[in-house]
Amino acid sequence: AQQRAADPAVIAIDQQITQLRAQLADLSARYTDKYPDVVRVKDQIADLQHQRADLIAHAQPGVPVESPDASAAAATYAQLQGQLHANQLEISNREHAIADLQARIGQYQGRLNSAPATEQELAALTRGYDQSKANYDDLLKKHNESAMATSMERMQQGERFTILDPPSLPVKPDFPNRLKFFGFGLVFGLALGAGVAFAFEWFDDRLYSESEIKALLPIAVISEVPQVKLASDEQRTRKNVVLKWGLTAAGFVVMIAGAAISLLSA
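Numbering (the working numbering), first residue to last: 552 to 817.
In short, the hints are calculated from the structure, not lab data.
Keeping only pairs whose Cα atoms sit at most 27 Å apart, straight-line, the calculated DSS-like set for lysine-lysine is:
{"hint": "1", "residue 1": "K780", "residue 2": "K795"}
{"hint": "2", "residue 1": "K780", "residue 2": "K790"}
{"hint": "3", "residue 1": "K780", "residue 2": "K765"}
Simulated restraints on C-beta separations:
{"hint": "4", "residue 1": "Y659", "residue 2": "A580", "range": "24 to 30 Å"}
{"hint": "5", "residue 1": "E761", "residue 2": "A811", "range": "47 to 53 Å"}
{"hint": "6", "residue 1": "L758", "residue 2": "V792", "range": "19 to 25 Å"}
{"hint": "7", "residue 1": "D725", "residue 2": "R787", "range": "51 to 57 Å"}
{"hint": "8", "residue 1": "F739", "residue 2": "I812", "range": "17 to 23 Å"}
A quick note: this is a predicted structure, and the numbers were derived from the prediction, not measured.
Note that CB positions come from ideal geometry on N, CA and C, so glycine has one too.
Let's have the full structure, built from the sequences with the hints guiding it.
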């Protein structure tokens, strides 16, 4: 019995279709169906499928089978031819991808190179805008001031002002009120002096009379030792009393004189 020999061209096309399908699966995992490389690979697969169908349809059915060595060599040669063609397609695809990437890199590099110039142009435009805005604000301010002055002049046109009652200066200052301050100082000084004297008397724990001793001790007082006073002690005591009263009177006189001078100068 005879069998049909496998066509080497069909085997090569099948290998190319297998490789293109693998490439299509890789591209579909990263890009959409509308991506140019995906569309191109799909078109190549469709073309190869049409070529395969045409080869099968025009094949002669009565061709005898060749020898096993010749068939193996033909199959190996067809496989190598298919791999070579697939590698060439892969190289072409990679070259197209590299060219596309280089074009994109060139576009991005051009944008980066033009960024400083664009920034300088924007700074110049901004500077000009700020200067124009400042001039406009200055002119608008002058216009408003001129309009206001014109309006005031129209409102005051024909008006005359005459002083009927000139302002009078105050006879005495409103502040400070020296008499009030003097009264407050006198009252505060007397209260402070009385408070200090009361504090000294309250915290003095010495005994000066028989009644204080009896109130402190629950026993009767049998006798008292009189204080021995010398003439020099009595004289010193009188001098101290006179000095104290003299200083008090002098302070009071100075205070009254100061108050009187303040009232008269007011």
